[in-house]
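Protein sequence lines, in the order shown, are assigned to chains A and B. At position 208 of the first sequence (counting the first as 1) the number is 226 in our numbering, and the numbers step up by one without a gap. At position 19 of the second sequence (counting the first as 1) the number is 449 in our numbering, and the numbers step up by one without a gap.
By construction, these hints were calculated from the structure, which means they are not laboratory data. Ideal Cβ placement from N, Cα and C applies to all residues, glycine included. Heads up, a few of these hints could be off.
Straight-line Cα separation of at most 30 Å, DSSO-like style, residue types lysine-lysine; simulated pairs [said to hold, decoys possible]:
#	chain 1	residue 1	chain 2	residue 2
1	A	Lys406	B	Lys545
2	B	Lys675	A	Lys250
3	A	Lys88	B	Lys595
4	A	Lys250	B	Lys640
5	B	Lys494	A	Lys370
6	A	Lys258	B	Lys675
7	A	Lys406	B	Lys735
8	B	Lys665	A	Lys124
9	A	Lys48	B	Lys726
10	A	Lys260	B	Lys595
11	A	Lys258	B	Lys735
12	B	Lys603	A	Lys99
13	B	Lys474	A	Lys194
14	A	Lys194	B	Lys665
15	B	Lys538	B	Lys603
16	A	Lys258	B	Lys574
17	A	Lys514	A	Lys32
18	A	Lys250	B	Lys595
19	B	Lys665	A	Lys99
20	A	Lys31	A	Lys258
21	A	Lys258	B	Lys603
22	A	Lys125	A	Lys57
23	A	Lys466	B	Lys689
24	B	Lys726	A	Lys222
25	B	Lys603	A	Lys250
26	A	Lys55	B	Lys678
27	B	Lys545	A	Lys99
28	A	Lys57	B	Lys574
29	B	Lys728	A	Lys370
30	A	Lys125	A	Lys55
31	B	Lys728	A	Lys194
32	B	Lys663	A	Lys61
33	A	Lys31	A	Lys129
34	B	Lys497	A	Lys258
35	A	Lys194	B	Lys660
36	B	Lys663	A	Lys258
Calculated from the model, a selection of chain B residues having no Cβ within reach of chain A, i.e. all distances over 10 Å [to be verified]:
#	residue
37	Lys574
38	Arg593
39	Gln628
40	Asn704
Read off the chains here:
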Amino acid sequence: MVVEPALANSAHKKAPTDKLKEYQQIDWSKYTIAAVKHKVPKKMQGNDITLLPVQSLYFLPEVNQVEMNKTWQAAGHPWPKIIIIANGVYDLASLHRLINNEHIFKKIDAKTFITYRPIYIAPTASLVIDNAELRLSTISGVYIISNGKLYITNSVFTSWDENSQDYGVREHIPEKELLFYGTQFPRPYLMLLNQSEIYAANSKFTGLGYKGQMGSFGISMSNRLPKENSAKIFDDYLRKLKKPTGWFIGNTFEHNYFGFYSNEAENVVILGNIYLNNTIYNIDPHDFSYNLLIARNLSYQAEHAHGIIISREVNNTTIAENISIKNYGTGIMLDRNSEHNLIYNNLTMANKGDGIAIFESDHNLLLDNTATRNGHTGIVVRNSCHIKVQANYLFRNVKSGTEISVLNIDYLETRDFVLDHYHQATSSHLLENIFESNLSVAINSNNKPTIHLQNNRYLNSGSAYFAGDLVALTRDIVTAPKETGFSYQGENPCPK
Amino acid sequence: MSKIKTLLLLISLLTPFSSAYAATKMVDKNSGQEAVLLELADLKVIEAYRILAEYYSLRVADKKYVKPSILWSIQAAEVGNTKSIYQLAKYTREFEQFKKPFSGAYIKQAGLSGKLQQETLNLIAIAAILGNPYAKTDLVMFPKLTSVTYKQVNMATKEALLRLKKGKLINCKLYVCNYPATHSVPPGILTKYQFALQQHTQQAKRLKCKSLQQCHSARLNSLVFLTPTKVNKYKEVAATENAPKIRKNQRLTKEAVNKTAANWDQQSNDDRNNKRMQAARKAVAYHAAADKEKLKSKIIELLDKMNLHRAADNQVTLADIMNILAQP
């Protein structure tokens, strides 16, 4: 029996405090550029490179071909042949030698190659890009889809516009249409499907991705494959392979549509990377991704939304020791029932939105974070129960240090309330936090959430320490005994 | 069974319904058509095998349909139904790969694991030669996507040609294929096999391929799975997905209009809030230098950890962070 992802996910939920113990015991020497280099196969072997008509490979995501078809037509090959890499370990030089056609895969110089055709890496193959540059031709309509292994070290992986001799710059799309399907020019992208593994270190990923219907956002891991009981053999075969995974260590991701996206990925390590100027999100693990480590990254200037966001039942994930600054939206966000996550010792600063936001996501621990100088609030908790906010430093945010609220979001047109159900209840335990110099208030509470306050320090708040439901209780809060703290019982009880 | 009912059903069977969709539409369990089809199958009406095989295979998400699906796939495959041959290959593959216990009833298992893998390929090769497009792709992709070797595919192709020549497609040592006992394949179907073999040989000559594998690959040139219907379906999905976003934009536009047309009280309240926010931002900006100084140690602590995972010539410095923060 195939277990539904959501069930599989919930079956393995760990308490965030256990995640903290795990995190504090990590042997960081295992996650370095040298460690990734150590994984890269040294010996290239194999000669199974073929070109097959892309439209004959029914197991490849169809919609991606539909979206790319216009580009292919404009390039003069409506249904191009795709380079199939199978049965072996290949580097770019061996690909070039075996393909032996400069119109398909061209060598620019000793270390630089450009592909004019899409590439598929089979589960039986590995592609090594080491100390090299791989350019994906924008006008030829190129992507790389992998069920195999991909090693990218000390390299550049980029879209390539031969007219401008630079990465493929995204065309201007009106702000309101940025998330529309079928309106954007399909830029090249990397999509990692089941069984795929990627190990990327000290490399640069540039100019990839667009808003498409399946994982075309730039650098994506996806398990969104045809449902069970497809009539076709490889649909089922590929769906039953293990979920995509990998390590991204010490890389730079710039000018992509998303810096990282995943759907049902597992055990991914995103460590020590720089994410900047990606169109929507810098880091966006999504849909049932599980047990990710997103740590020690610098995420800044996400152009239209958030620096780091996990959304739709992304559970058991650790987001720690990141610097998320100057993003258009929020520094770090947990959204749509993402549970049992640890948000630890991050710095969110100068984001246009909030520092950290927990939306419709229960059972999360926010520990030791600094949220400062953000355009709205330091930490926001909305429609989320059993949220522990401990030992955080909420300093000089434009609005409040923290906002705890219950909100009816039934009016949101873009939300699927069956898939993304929520409750109009919030409960939050705030302890040992420091609220300092927030411009409006230290803590704002709206629509009667349940709040427990204990051992917090309030320094130099704006017009008042508390607002909303708590405003009349200021005296009780500040005089409550340290040992027990102060509790405000909300109207709607939280599910246990 | 009433004669009229049988007659009506036979007429409907002769109509060119070949898609699985047609099979589901055609068989209505509640009206007793399933029972009628089973009776017809008992009477060795081979079209009934095909419909039953397709009907059940579409329902295998419900476990109770798995066994009948395998049973009728075997029977329909025996008499050359390409879809059923492919379906049987799929079941055999799953049985071999995942050891699905339910298959055991009709796929014999004792000590045959290795043979089942080869039999999967044999069936795919037969289906490919008979024109099944998915089988054509699978024949090329099996050695690329799995541990199957090119040699095994070549063996399967040769075996498939042999079986088509003999007119006996299914290896009954591996499957329970004696229900109903229909081992005498009708002459019309044998002609179909001969025609397929002829075409296969002629195509190989025309393609001038040097190896079987090359031939298999060359045959993919004519395949197109993306039909205009499918393309339209994806466009419709895009339009459906965009619809709520359009509604959201409309709402936001409306709200903005309402805001500008607000009454004096609302307007003055908004103005006051805006001014408050502006003042707050100015205050935050005023303290920029002092705050950065205050936060330096935190930033350095985090950068030190981050840089453990970055190359020596690619470290992030405090100056880098300060530059980012200084940008407008």
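Verification of the supplied hints:
{"no.": "1", "hint": "Lys406(A) with Lys545(B)", "in the structure": "violated, 58 Å"}
{"no.": "2", "hint": "Lys675(B) with Lys250(A)", "in the structure": "violated, 34 Å"}
{"no.": "3", "hint": "Lys88(A) with Lys595(B)", "in the structure": "violated, 45 Å"}
{"no.": "4", "hint": "Lys250(A) with Lys640(B)", "in the structure": "holds, 29 Å"}
{"no.": "5", "hint": "Lys494(B) with Lys370(A)", "in the structure": "violated, 56 Å"}
{"no.": "6", "hint": "Lys258(A) with Lys675(B)", "in the structure": "violated, 34 Å"}
{"no.": "7", "hint": "Lys406(A) with Lys735(B)", "in the structure": "holds, 25 Å"}
{"no.": "8", "hint": "Lys665(B) with Lys124(A)", "in the structure": "violated, 34 Å"}
{"no.": "9", "hint": "Lys48(A) with Lys726(B)", "in the structure": "holds, 28 Å"}
{"no.": "10", "hint": "Lys260(A) with Lys595(B)", "in the structure": "violated, 41 Å"}
{"no.": "11", "hint": "Lys258(A) with Lys735(B)", "in the structure": "violated, 38 Å"}
{"no.": "12", "hint": "Lys603(B) with Lys99(A)", "in the structure": "violated, 41 Å"}
{"no.": "13", "hint": "Lys474(B) with Lys194(A)", "in the structure": "violated, 63 Å"}
{"no.": "14", "hint": "Lys194(A) with Lys665(B)", "in the structure": "holds, 20 Å"}
{"no.": "15", "hint": "Lys538(B) with Lys603(B)", "in the structure": "holds, 8 Å"}
{"no.": "16", "hint": "Lys258(A) with Lys574(B)", "in the structure": "holds, 17 Å"}
{"no.": "17", "hint": "Lys514(A) with Lys32(A)", "in the structure": "holds, 16 Å"}
{"no.": "18", "hint": "Lys250(A) with Lys595(B)", "in the structure": "holds, 26 Å"}
{"no.": "19", "hint": "Lys665(B) with Lys99(A)", "in the structure": "holds, 23 Å"}
{"no.": "20", "hint": "Lys31(A) with Lys258(A)", "in the structure": "holds, 22 Å"}
{"no.": "21", "hint": "Lys258(A) with Lys603(B)", "in the structure": "holds, 29 Å"}
{"no.": "22", "hint": "Lys125(A) with Lys57(A)", "in the structure": "holds, 26 Å"}
{"no.": "23", "hint": "Lys466(A) with Lys689(B)", "in the structure": "holds, 27 Å"}
{"no.": "24", "hint": "Lys726(B) with Lys222(A)", "in the structure": "holds, 28 Å"}
{"no.": "25", "hint": "Lys603(B) with Lys250(A)", "in the structure": "holds, 25 Å"}
{"no.": "26", "hint": "Lys55(A) with Lys678(B)", "in the structure": "violated, 47 Å"}
{"no.": "27", "hint": "Lys545(B) with Lys99(A)", "in the structure": "violated, 34 Å"}
{"no.": "28", "hint": "Lys57(A) with Lys574(B)", "in the structure": "holds, 23 Å"}
{"no.": "29", "hint": "Lys728(B) with Lys370(A)", "in the structure": "holds, 21 Å"}
{"no.": "30", "hint": "Lys125(A) with Lys55(A)", "in the structure": "holds, 24 Å"}
{"no.": "31", "hint": "Lys728(B) with Lys194(A)", "in the structure": "violated, 37 Å"}
{"no.": "32", "hint": "Lys663(B) with Lys61(A)", "in the structure": "violated, 45 Å"}
{"no.": "33", "hint": "Lys31(A) with Lys129(A)", "in the structure": "violated, 45 Å"}
{"no.": "34", "hint": "Lys497(B) with Lys258(A)", "in the structure": "holds, 21 Å"}
{"no.": "35", "hint": "Lys194(A) with Lys660(B)", "in the structure": "holds, 28 Å"}
{"no.": "36", "hint": "Lys663(B) with Lys258(A)", "in the structure": "holds, 26 Å"}
{"no.": "37", "hint": "Lys574", "in the structure": "violated, 4 Å"}
{"no.": "38", "hint": "Arg593", "in the structure": "holds, 19 Å"}
{"no.": "39", "hint": "Gln628", "in the structure": "holds, 23 Å"}
{"no.": "40", "hint": "Asn704", "in the structure": "holds, 12 Å"}
In summary, the numbered hints that this structure violates are 1, 2, 3, 5, 6, 8, 10, 11, 12, 13, 26, 27, 31, 32, 33 and 37.
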